[in-house]
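K.L.:
Chains as they are written, first to last, in the working numbering: chain A, 57 to 251; chain B, 20 to 468.
Any given hint could turn out to be false.
Restricting the straight-line Cα-Cα distance to at most 27 Å, the calculated cross-link-like pairs of lysine-lysine (DSS-like) are [claimed, not checked]: (1) B:Lys441 <-> A:Lys63; (2) A:Lys96 <-> B:Lys82; (3) B:Lys441 <-> A:Lys66; (4) A:Lys111 <-> B:Lys142.
Keep in mind the hints are simulated off the structure, nothing from the lab. Since this is a predicted model, take the numbers as computed values, not measurements.
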Amino acid sequence: MAKLVNKPSKMTVGEQAYVPAIVAGVGLSMRKFFKNTFSKRENGDIATVSYPEEKRIYPERFRGVHRLTHRTDGSPRCVACLCCSTACPAQCIHIEPAEYTADDPRSGYERFPKVFVIDELRCIFCGFCVEACPCDAIRMDTGLHMPPSTDRDHFLYDKDILMSIPGQDGSYQSANPRHEPGDASHPGLSRNKGH
Amino acid sequence: MDLLFAISTPIKVLFVIGLILQAVPIMLWAERRQSAKMQDRVGPTRADLPLPPFLLQFRPLLKTGALLVGVGAFITGLGMVIDQLASQDGRFRVEVGVLVMVVGLVHLGVWRIFDLLIPENGKITLFGLLHSVADAMKLIWKEDFVPPNADKLMHSAAPFISVVPALITMAVVPFSDIFYPALWLSHVPASGVVDAGVQGTALQVASLNVGILYIFGVAGTGIVGAALAGYSSDNKFSLLGGIRAASQMVSYEVTLGLSIVGCFMVYGSLLLEDMVHWQQAHVWGIFIQPLAFFLYFAASTAESKRIPFDIPEGESEIVAGYFTEYAGMKFAMFMMGEYAEVILSSVLIITLFLGGYNLPFLDRGGFTFGFGDTVWWSAPLQHWAVTVIQVVTFLAKLLGILFLQFTIRWSLPRFRYDQLMKLCWQFLLPLSLLNIFVTGIIILLISGN
Chain A
57 MAKLVNKPSK
67 MTVGEQAYVP
77 AIVAGVGLSM
87 RKFFKNTFSK
97 RENGDIATVS
107 YPEEKRIYPE
117 RFRGVHRLTH
127 RTDGSPRCVA
137 CLCCSTACPA
147 QCIHIEPAEY
157 TADDPRSGYE
167 RFPKVFVIDE
177 LRCIFCGFCV
187 EACPCDAIRM
197 DTGLHMPPST
207 DRDHFLYDKD
217 ILMSIPGQDG
227 SYQSANPRHE
237 PGDASHPGLS
247 RNKGH
Chain B
20 MDLLFAISTP
30 IKVLFVIGLI
40 LQAVPIMLWA
50 ERRQSAKMQD
60 RVGPTRADLP
70 LPPFLLQFRP
80 LLKTGALLVG
90 VGAFITGLGM
100 VIDQLASQDG
110 RFRVEVGVLV
120 MVVGLVHLGV
130 WRIFDLLIPE
140 NGKITLFGLL
150 HSVADAMKLI
160 WKEDFVPPNA
170 DKLMHSAAPF
180 ISVVPALITM
190 AVVPFSDIFY
200 PALWLSHVPA
210 SGVVDAGVQG
220 TALQVASLNV
230 GILYIFGVAG
240 TGIVGAALAG
250 YSSDNKFSLL
260 GGIRAASQMV
270 SYEVTLGLSI
280 VGCFMVYGSL
290 LLEDMVHWQQ
300 AHVWGIFIQP
310 LAFFLYFAAS
320 TAESKRIPFD
330 IPEGESEIVA
340 GYFTEYAGMK
350 FAMFMMGEYA
360 EVILSSVLII
370 TLFLGGYNLP
380 FLDRGGFTFG
390 FGDTVWWSAP
400 LQHWAVTVIQ
410 VVTFLAKLLG
420 ILFLQFTIRW
430 SLPRFRYDQL
440 MKLCWQFLLP
450 LSLLNIFVTG
460 IIILLISGN
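Sequences and hints are given; from them, build the entire structure.
P.N.:
Okay, structure coming up:
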């Protein structure tokens, strides 16, 4: 069945004369022009962001370039559990775990990443690694884009680079305190001891 | 041919041609910038000229200099004006003082927007004006392409035929009243009558006795350029565009001519300078021929093939109309012709309806505020100052009309083709004929009494 389209009603004389409509339209354009030209930028309606010079403020939970959080002694919080690289759908995280030496209090309790590389070109910025991390060791709260480069190797971010990027608040650590072995708050070096 | 003619004519030709050639890129910029502001964008800001670092270190010096010169010149000029007003020795010489004040104000303005003119990173953008320069450079270096089966001669001739009439029609437009170089420092009486021996020249390239008919005659050949471009391009879109352009421009040429016949009847002359003199002596044309003003405005917008009458270009239907097959500077010449036509139509609107170079209360001798024989306050000015004010007034009116034209372009949607023709033949043309009849009847009634 054909769809009936409502015909526009007969135009009034004023509408047929065009002139009032033209005057109204031109007036609207002029109002916009003067508002956007002579008022301050924030009072005008201009939506353009001239990108490199001015940047739009991202939402607080914007997922930017990764960083590895520090412990209070400056070593990475990461315990090389491989949760992030397992969760990663793009398989862009490469971790080589290593054991602490025998005299280290963390020895036998946790490991550390000898190599931690993220291929930022392969990363899809889904944030699964951050969700998977049990230690709050990897975060995407830097608020940064990757700086552009002509070399693909520049996008392989290793441990040193990842640890050199602070979060949006400027801190290299995480807001969650870490309980090191020996701290009073530490639950104990083995599951049998302590709690 | 006397000496004054020989010297002044090249200067006037240079002034008119320079005005158009400089106005075209500035209009391009203004239109882009203005349309951006209307549509909540920032417009062209990217093309920049980086200042070399060794010049950039003088930036604070320049800024301070602009402020010092501005304040100094303004105060000096103010002092001169007050001094001259107070002395009352009959030699009324405020003009130089006012000029110095204007120089100061310009410098203060530069100081005020200095960070926009020369920003701290040294990238001069001039509010996006450099985009026009970049455009021109790009267009010059583009390949000059002619379609293989096109008529090479006609295809190359069309841009010239389209741009030259728009340039040469400005020759008969007066930019100022008659200027007497010998009297430039003296006072000319308000009537403008000087000794018989003094030679004068108006800022008008040629005073042809056919006057405005010359403009219509020459501007009419612009149609040939558009039609020829469409016809010789070997492209259906171009052909359609050329046909549309020809029919539209021929149709609106009729209304264009008839709409101002009423003005001729009132002014009693075809010479543009006589029309301006009449308006100076009586009242601006827009107040006695308001209908003709609207008709002429609409018809001249259609004549320059711009929105809402841009059917010959109609990019949503026929790519770019008659200049689809043009690239590089040939395309730029069509653009230049279009903008020169806009300038021409604005100039004619000013001359016919807005008093030309007239400023209210300004006569040949200076400012005289008052009505009829009662004079409230008068400020006689030297001859050169009067002429400068007239030219500036004309250019200011031109800017205003151009602003209005641009605003209309970015506000209105395009007509359909049948609407376009209906508007011309069934609406504008009868109204212009009616205008002629009514004007004639009123003139007969007035002169009969």
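K.L.:
For each hint, tell me whether it holds in the structure or not.
P.N.:
Tested hints:
1. B:Lys441 <-> A:Lys63: The given pair, whose Cα atoms are some 21 Å apart, holds under the 27 Å limit.
2. A:Lys96 <-> B:Lys82: Holds - the C-alpha atoms of Lys82 (chain B) and Lys96 (chain A) are around 22 Å apart, at most 27 Å.
3. B:Lys441 <-> A:Lys66: holds, 18 Å
4. A:Lys111 <-> B:Lys142: holds, 19 Å
Figure legend: structure checked against the earlier numbered hints; every hint is met.
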